[in-house]
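Chains as they are written, first to last, in this note's numbering: chain A, 2 to 370; chain B, 67 to 402.
You may find that some hints are simply not true.
[Unchecked claim] Covered by chain B, per the in silico footprint, the following chain A stretches (three or more residues, Cβ under 8 Å):
(1) 96-109
(2) 112-126
(3) 228-238
[Said to hold, decoys possible] Sample of chain A residues facing chain B (criterion: CB under 10 Å; computed from the structure):
(4) VAL148
(5) ALA186
(6) GLN323
(7) ARG324
What the hints contain is simulated information worked out from the structure, not anything from laboratory work. All C-beta atoms, glycine included, are put in the ideal place defined by N, C-alpha and C.
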Amino acid sequence: MTTTAPSSAAAQPATSSAPLLEVTDVQKWFPGRSKGLLSRTGNPVKAVDGVSFTVHEGETLGLVGESGCGKSTTGRVVSKLIEPTGGAIRFQGRDISGLSRRAMRPLRREVQMIFQDPYSSLNPRQTIGTIVGTPFRIQGQKPEGGVKKAVQGLMERVGLNPEHYNRYPHEFSGGQRQRIGIARALALRPKLIVCDEPVSALDVSVQAQVVNLLEDLQSEFGLAYVFIAHDLSVVRHISDRVAVMYLGKIMEITDRDSLYESPMHPYTHALLSAVPIPDPAVESRRERILLTGDLPSPSSPPSGCVFHTRCPKYRTELSDSQREHCRTTQPVLEEKRPGHQVYCHFPQVRTDLIDGQPGPVRTTGPKTA
Amino acid sequence: MSIGGPTEFEAVTAADGMNTDPSGDDAPADIQGRSLASIAWRRLRRDKVALAGGVVIVLFVLVAVFADLIAAVYGQNPDRQNNLGPTSPINDVTGLPNGAFGGISPEHILGVIPLSGQDLFINLVYGARTSLSVAITATALSLVLGVSLGLIAGYFRGWADTVISRTMDVLLSFPTLLFSIALIAVVSYINSDPAIRFYILVFVLGFFAFPYIGRIVRGQVLSLREKEFVEAARSLGAGNIRIMFREIAPNLFGPILVYTTLSIPNNMLGEAGLSFLGLGLVGTPSWGQLLSDANQYLQVDPFYLFLPGLAIFIAVLAFNLFGDGLRDALDPKSTR
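Please take these sequences and the hints and turn them into a complete structure.
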């Protein structure tokens, strides 16, 4: 790292030279359920197994994958809601993975979280003013002009009526509740917000507003996002870079445009081929890759490449010796093209899957990464 | 029972999330938000049966609190014997009250007790005081134990939960009545101080009831601690104590309130039952003791048995009706 620093610093803008968040080989294994009375140890559930990525200041990293692939666990590990069982999480160069709750408290200001379910993420017994003001109270901060004024400023900023300060969450709709959650996450002016499927519980018209709000806030406050979602169109709209996860591992990580326009991993191919395109002509022309079988159990993942049990390429295209290689040798996430890391022995660029069509959520022009 | 979820009000009051311009909101700015408590109160006000129960409860409490005042105005006290003298309401030969319905007269509006001639009305008034004070104190004891242990068991889980839950299981399968009788008998033998009877009674009724509320609280906490608002508080740096008391405990308000109103009548019955068995308070009238005494005169003076029974019945029914109404009012899913 140090040897290449001068050249990379020259090549890249100064702000992105040192990553804000650096996640290295993070694991989260949940203890397995004991099989009987006497044996205490079952196989651990490898919810997250060796995930590495970086997030730079002001950048959005999309994290996609199907249910149970460990993307939410990754988000919770990054925001230190759960402790990783291995690996390092560096925030602004400091390893935060082993910090106690007390030592962590000042850092909580820097990393915040927006939750998936706007109904359970707000305490039904507290008013909006209390909920959005809680960060100040917990952190012992006295904002200028008092907590109430700061809270009302935040409410106004996220598009809520500041007069509703004394209302309770049940008086708001899902979209408004999500705005309340955003205001709370924003209160301490964090540098990084982990968004755990922030729009998947909302209906589509409201999704677009919340996503646009998140983008506006990003440019206003210079926020970095780790944006977890399973909706590829939303991720495409908001992300600068995208990581695709499967069974606790990152399959492919690259910038947004190369992922959507020239994906290399067979799993990404399958995901992209499932995105609906609002054009029947294109829809009937293109190939739809169906994955068969179930997601393997994360407590006993397949040998070799974890995806080989469901890989369409493994099944139809590879020779026996290549299959043998997939079954026995674990691939590593490595750079196959500049800035494009893939976890696959036999990656292949495909450009025919999405036809460069924007997703239905795109309401503004495409983002310049 | 979940009181935390969205209510039907949400569909009505919440405008769509599309409104990004605060000034364009259709709700006038001066409308105050309605808290869950005020919504519950609105629903409760519509429930006439529960309200009637509430009124009766208030009356009983007032009677119990102002028993001395009532006695002074009425001109009787529970210990005064009226069985001597020419104007005595007691028949010299039989010892039974003169007149119909247990000797009802302007001086003794609910009649008198056979033999002693004590006024029944004022005995019932003081009995209300006994009954309520024992029942409320015992309920408070079971609430304190049940809520704190349930909160700890549900929040920390692990070994704390195992220890507390198993203890509660043991207590629930305990032969409470037999144990109470034995305990009161033994303690009264050792220490005959009347005050100790009160504490024993409260202990027996309150301690053995705490697993009921403890289990309810534990179950609620188990589900509440997984809610995202708890994670949100944790991600802001909140500690366990803050999360338990600021985030989770307020959500237990409903179940605790309902349990309280349903536990008080239970304890009143328990107190009456133990008094009937001769294990109640000594030196102060109680409904159970009156019942026990009246048992001897069932054939000759049934009215004496009827009145304390009626008092217990009305008080217990009032608390139960009120508690039921409260549960409906606090349950957002009820359609009443």
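Verification of the supplied hints:
no.	hint	result
1	96-109	holds (count 4)
2	112-126	holds (count 13)
3	228-238	violated (count 0)
4	VAL148	violated (14 Å)
5	ALA186	holds (8 Å)
6	GLN323	violated (44 Å)
7	ARG324	violated (42 Å)
Hint compliance for this structure: hints 3, 4, 6 and 7 are not met, and every other hint is.
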